[in-house]
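Work out the full structure: start from the sequences and follow the hints.
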Amino acid sequence: MTLVLPDPEILCAELVKQLKPQVTADTALVGIHTGGVWLAERLHAALGISLPLGLLDISFYRDDFDKTGLHPQIKPTQITFDVDGRHIVLVDDVLYTGRTVRGAMNELFDYGRPASISLAVLIDRGGRELPVAAQYVGARLEIPQGRMLVLDRDEHGKLRLKFDA
Amino acid sequence: MKIHIKSGRLIDPKSKTDTLADVYIAAGNIAAIGQAPAGFKANRVIDATGLVVCPGLIDLSARLREPGFEYKATLESEMLAAVAGGVTSLACPPDTDPPLDEPGLVEMLKHRAKTLNLAHVYPIGALTVGLAGEQLTEMAELRDAGCVGFSHADVPLQDNQVLWRALQYAATFGFCVWLRPQDGYLAKDGVAHDGEVATRLGLPGIPAFAETIAIATVIEIMRATGARVHLCRLSTREGLGMVRAAKREGLALSCDVGIHHAHLSEMDLGYFDAHCHLQPPLRSGRDRDALREGLKDGTIDALCSDHTPVDEDSKLLPFGESEAGATGLELLLPLTLKWALEMKVPLVQALARVTLDPARVLGLDGGHLSAGHAADVCIFDPEQYHKVNAAELKSQGKNTPFLGIELPGRVRYTLVQGMIAYETASAK
Amino acid sequence: MRNPQLNDKGELQHLLTIEGLPRETLTHILDTATSFVGVTAREVKKVPLLRGKSVFNLFFENSTRTRTTFEIAAKRLSADVINLNIAVSSHTKGETLLDTVDNLSAMHADMFVVRHAQSGAPHLIARHVASHLHVVNAGDGRHAHPTQGLLDLYTIRHFKKDFTRLSVAIVGDVLHSRVARSLIHALTIMGTPDIRVIGPMTLIPAGVEKLGVSVFHDLKQGLRDVDVVVMLRLQSERMRGALLPSAQEFFKYYGLTPEKLALAKPDAIVMHPGPLNRGVEIDSAVADGSHAVILSQVTFGIAVRMAVMSILAGN
Numbered sequence: 083m084t085l086v087l088p089d090p091e092i093l094c095a096e097l098v099k100q101l102k103p104q105v106t107a108d109t110a111l112v113g114i115h116t117g118g119v120w121l122a123e124r125l126h127a128a129l130g131i132s133l134p135l136g137l138l139d140i141s142f143y144r145d146d147f148d149k150t151g152l153h154p155q156i157k158p159t160q161i162t163f164d165v166d167g168r169h170i171v172l173v174d175d176v177l178y179t180g181r182t183v184r185g186a187m188n189e190l191f192d193y194g195r196p197a198s199i200s201l202a203v204l205i206d207r208g209g210r211e212l213p214v215a216a217q218y219v220g221a222r223l224e225i226p227q228g229r230m231l232v233l234d235r236d237e238h239g240k241l242r243l244k245f246d247a
Numbered sequence: 475m476k477i478h479i480k481s482g483r484l485i486d487p488k489s490k491t492d493t494l495a496d497v498y499i500a501a502g503n504i505a506a507i508g509q510a511p512a513g514f515k516a517n518r519v520i521d522a523t524g525l526v527v528c529p530g531l532i533d534l535s536a537r538l539r540e541p542g543f544e545y546k547a548t549l550e551s552e553m554l555a556a557v558a559g560g561v562t563s564l565a566c567p568p569d570t571d572p573p574l575d576e577p578g579l580v581e582m583l584k585h586r587a588k589t590l591n592l593a594h595v596y597p598i599g600a601l602t603v604g605l606a607g608e609q610l611t612e613m614a615e616l617r618d619a620g621c622v623g624f625s626h627a628d629v630p631l632q633d634n635q636v637l638w639r640a641l642q643y644a645a646t647f648g649f650c651v652w653l654r655p656q657d658g659y660l661a662k663d664g665v666a667h668d669g670e671v672a673t674r675l676g677l678p679g680i681p682a683f684a685e686t687i688a689i690a691t692v693i694e695i696m697r698a699t700g701a702r703v704h705l706c707r708l709s710t711r712e713g714l715g716m717v718r719a720a721k722r723e724g725l726a727l728s729c730d731v732g733i734h735h736a737h738l739s740e741m742d743l744g745y746f747d748a749h750c751h752l753q754p755p756l757r758s759g760r761d762r763d764a765l766r767e768g769l770k771d772g773t774i775d776a777l778c779s780d781h782t783p784v785d786e787d788s789k790l791l792p793f794g795e796s797e798a799g800a801t802g803l804e805l806l807l808p809l810t811l812k813w814a815l816e817m818k819v820p821l822v823q824a825l826a827r828v829t830l831d832p833a834r835v836l837g838l839d840g841g842h843l844s845a846g847h848a849a850d851v852c853i854f855d856p857e858q859y860h861k862v863n864a865a866e867l868k869s870q871g872k873n874t875p876f877l878g879i880e881l882p883g884r885v886r887y888t889l890v891q892g893m894i895a896y897e898t899a900s901a902k
Numbered sequence: 352m353r354n355p356q357l358n359d360k361g362e363l364q365h366l367l368t369i370e371g372l373p374r375e376t377l378t379h380i381l382d383t384a385t386s387f388v389g390v391t392a393r394e395v396k397k398v399p400l401l402r403g404k405s406v407f408n409l410f411f412e413n414s415t416r417t418r419t420t421f422e423i424a425a426k427r428l429s430a431d432v433i434n435l436n437i438a439v440s441s442h443t444k445g446e447t448l449l450d451t452v453d454n455l456s457a458m459h460a461d462m463f464v465v466r467h468a469q470s471g472a473p474h475l476i477a478r479h480v481a482s483h484l485h486v487v488n489a490g491d492g493r494h495a496h497p498t499q500g501l502l503d504l505y506t507i508r509h510f511k512k513d514f515t516r517l518s519v520a521i522v523g524d525v526l527h528s529r530v531a532r533s534l535i536h537a538l539t540i541m542g543t544p545d546i547r548v549i550g551p552m553t554l555i556p557a558g559v560e561k562l563g564v565s566v567f568h569d570l571k572q573g574l575r576d577v578d579v580v581v582m583l584r585l586q587s588e589r590m591r592g593a594l595l596p597s598a599q600e601f602f603k604y605y606g607l608t609p610e611k612l613a614l615a616k617p618d619a620i621v622m623h624p625g626p627l628n629r630g631v632e633i634d635s636a637v638a639d640g641s642h643a644v645i646l647s648q649v650t651f652g653i654a655v656r657m658a659v660m661s662i663l664a665g666n
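Residue numbers (the working numbering), protein chains in the order written: chain A, 83 to 247; chain B, 475 to 902; chain C, 352 to 666.
Note that these hints are calculated values from the structure, not bench results.
If you're wondering where the values come from, they're calculated on a predicted model, not measured in any experiment.
Even for Gly, the Cβ is constructed at its ideal location relative to N, Cα and C.
Any given hint could be a false lead.
Some chain C residues flagged as far from chain A (calculated, every beta-carbon gap over 12 Å) [stated by the list, open to error]: (1) HIS379; (2) LEU401; (3) LYS511; (4) HIS568; (5) PRO617; (6) SER635.
The calculated lysine-lysine pairs, modelled on DSS-like cross-linking and capped at a C-alpha distance of 27 Å, are [claimed, not checked]: (7) LYS561/C to LYS157/A; (8) LYS512/C to LYS662/B; (9) LYS561/C to LYS149/A; (10) LYS511/C to LYS616/C; (11) LYS157/A to LYS360/C; (12) LYS812/B to LYS490/B; (13) LYS396/C to LYS157/A; (14) LYS511/C to LYS157/A; (15) LYS99/A to LYS240/A; (16) LYS360/C to LYS149/A; (17) LYS789/B to LYS872/B; (18) LYS488/B to LYS770/B; (19) LYS157/A to LYS397/C; (20) LYS861/B to LYS872/B; (21) LYS603/C to LYS157/A; (22) LYS789/B to LYS588/B; (23) LYS149/A to LYS512/C; (24) LYS149/A to LYS426/C; (25) LYS721/B to LYS789/B.
Residues of chain C clear of chain A, computed beta-carbon distances all greater than 12 Å [claimed, not checked]: (26) ARG353; (27) THR385; (28) VAL398; (29) GLY445; (30) ASP545; (31) GLY563; (32) PHE567; (33) ALA638; (34) SER641.
Printed below as a string of structure tokens:
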């Protein structure tokens, strides 16, 4: 069965529309590596967010360390604003089991106590294993279990969705 | 018992024989070679087809660990190991506990060995009392009790005055002094050859000149005293050169090399393999190659096992804390054959290094197969390869760097004084 | 012979020595350490990676400093840490090394950090433990101190970036130094073209050139134009073992002073594994001066050890 994947550029614009009314001068945006960061960069620019973009690598907060070990490539985590009392929008490309978001929230709480965290994702593909929900969703898709949906970026910076296995 | 060894390949270094010939044994001696004596009726016929029949091996150094170190090994186990290895005579160093410095101890050892009725044991007596390096032992009394020579085992004899007097005294009676050439101060705390491997592994080293300095000292004193000396366990290329020159000069010097030093080098230490913790240490590849050549050209008189059983716990320690030594009686023949194959030395010449030549060093009329002489015989399969494994070793010491390695040669029968001391069925 | 540090998947199971490790493995450890530097710089210095895991510090040789850095590193990974100063416990009662290890393994250890006076002790332990256990060598005799070599490598990379253009001098008691050996292996693996050891003949081990270094006995010659100077600690015992006459003479000819340092490149960095012997191998002016990066080494040391433990625990 071939799935027709939506155009992330369109979905990104849709997210901007959803987020715009909620964004203030104090809102912080935090992208989860790697697809979430690409998306967050686009949102950060489009929404005109003043605080610097936060980057999160959740390798140290994953719950599958005993099974898969340490990830071979750890990207830089950069939170340069004060997390205490902050309204944060966490950004990721695909929401699936919810474990990545749980790790990201644990990591954010090691930086301070936010006033709130909301979640913006390009695709919600269902299959949740934890009670996690996204407040801002580009599109909902049914993806068969066992197939990995990922965000890709070409050399011009254009976003593209594809299957990875 | 009358024994007929049939259809074997007789190899006798003394007569330079390597031919198919039958051997007839009666009353503990070789009755005849080739043709049966008149009216000979064998009680036992050994079919030696495809096997080599050679003189029983003579090992110049095997530690039997009695008296004193029975937790490492006993006479029973080590003598069984000897005959399983085709060894019919062995010399044992004096570093037992107490050391062999009194005739009573020597007599007891000889008596114990005789009772077991396996290989012949030739004790080497202590050169100084308690091996303490101060007072001379009653060498003449010890000789009468059965010692074939006198040595200081691995204990450094640092006082050259004592060494000089000991060699003079031994020379008085024509006794041979067996010395391990290693300067005690230069070797202090060292556990490996002082070179690139010891540097990489961070192990304290024993420089090659710890051996050559000791050899130079011994040679000088030999010149002054006319003493007979046998150098034990040569390990350096330079040391070998000094022995060669001394022999050319006509000094009464003989020497041996241990089986491990004829095959292994410092590289075999690998990741701190305590089985390669030996004394003297395994040295460079160049040293090993020179020693292999020296054995071939006869500068080195004999190959010996330097059999040193060590209990397992003493090897399961960090390298520097582990006890030095390897078990070797059962590997003497296979490692001699391996050396011969690799160096392309004909068997009749190679086997001399573990039969006729060690006999000469011991001052014995042995190590040869001749009518009218003791029937000490080794019968082995030169074609059969066997993997060394701990469970099959008869020695209580399972400590060898060759565990798991396939070696050529398998002893099938060992006869001592015309009695079958060891036999094993064919593998196939 | 299989490298005893690798499991049958070719992953790092133990860290016993830097020797024989591929460049990619060293780079991976350094890159992971970079992330941990970030962690140690923030308020909450912990990550939950090793939560529920037990790290046993087996120190057969006393060292409060090294043991403390391993303890801090393990705790920052949320591991439980048990410190065993074997020098005073059952070891002296005659229990063998392996018996001690077996007893501790039975207490559900996940990782042993081992320091021992004998070269090769961690190798022996690694050969002996069950397959789920990891062994980190915290220094064995003269042989190796791999985490120190890695943190030295990290420090050099941090300040100098490109190993392939560097000239590094290691000065002092190379003969007895596991720090020197580990650093030499690390630098050669990373492609450092010019590694020098400098010291009196009595303190330079036989055949050291075979490790890929050039030997100098003259400090002034050896320091000329180097980018990195690593000073080794000189232990007082050396003055008693007929290796050196006195600390004073050693300092005069092999001690690092501002004048000697001036022979190196103007932007040269000065490193030292610590603790410092001021006035013996290094002058206070240099130790406290702008070229010295000694305190950075300590900070990086915690991150590097966190990286090593995480990588091993995950394999």
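Exclusion check [PHE567/C not at the chain A interface, CB over 12 Å]: 40 Å, holds
Non-interface claim for HIS379/C, where every Cβ of chain A lies beyond 12 Å: 7 Å, violated
So if I understand the rule, the pair passes when the alpha-carbon distance is 27 Å or less; does LYS157/A with LYS397/C pass? Within the cut-off at roughly 18 Å; holds.
Taking 27 Å as the top limit, are the C-alpha atoms of LYS561/C and LYS149/A close enough? Between LYS561/C and LYS149/A the Cα gap is close to 41 Å, so the pair fails against 27 Å, i.e. violated.
Are all beta-carbon distances from ASP545/C to chain A longer than 12 Å? 31 Å, holds
Holds or violated: is the Cβ of ARG353/C farther than 12 Å from all Cβ atoms of chain A? 20 Å, holds
Closest CB of chain A to the CB of LEU401/C still more than 12 Å away: Violated: least Cβ distance 8 Å, not greater than 12 Å.
Against the 27 Å threshold, does the CA-CA distance of LYS512/C and LYS662/B hold or violate the hint? Violated: LYS512/C and LYS662/B sit about 44 Å apart, past 27 Å.
Interface-negative label, ALA638/C against chain A, beta-carbon threshold 12 Å: At roughly 32 Å from the nearest Cβ of chain A, ALA638/C sits farther out than 12 Å, so the non-interface label holds.
Within a Cα-Cα threshold of 27 Å, do LYS149/A and LYS426/C meet the stated pairing? OK: LYS149/A and LYS426/C at ~21 Å, within 27 Å.
Exclusion check [HIS568/C not at the chain A interface, CB over 12 Å]: The claim stands: HIS568/C keeps its Cβ more than 12 Å from every Cβ of chain A (closest is about 44 Å).
Holds or violated: are the alpha carbons of LYS99/A and LYS240/A at most 27 Å from each other? 19 Å, holds
Comparing the model with each numbered hint stated earlier shows that hints 1, 2, 7, 8, 9, 21, 22, 23, 25, 27, 28 do not hold.
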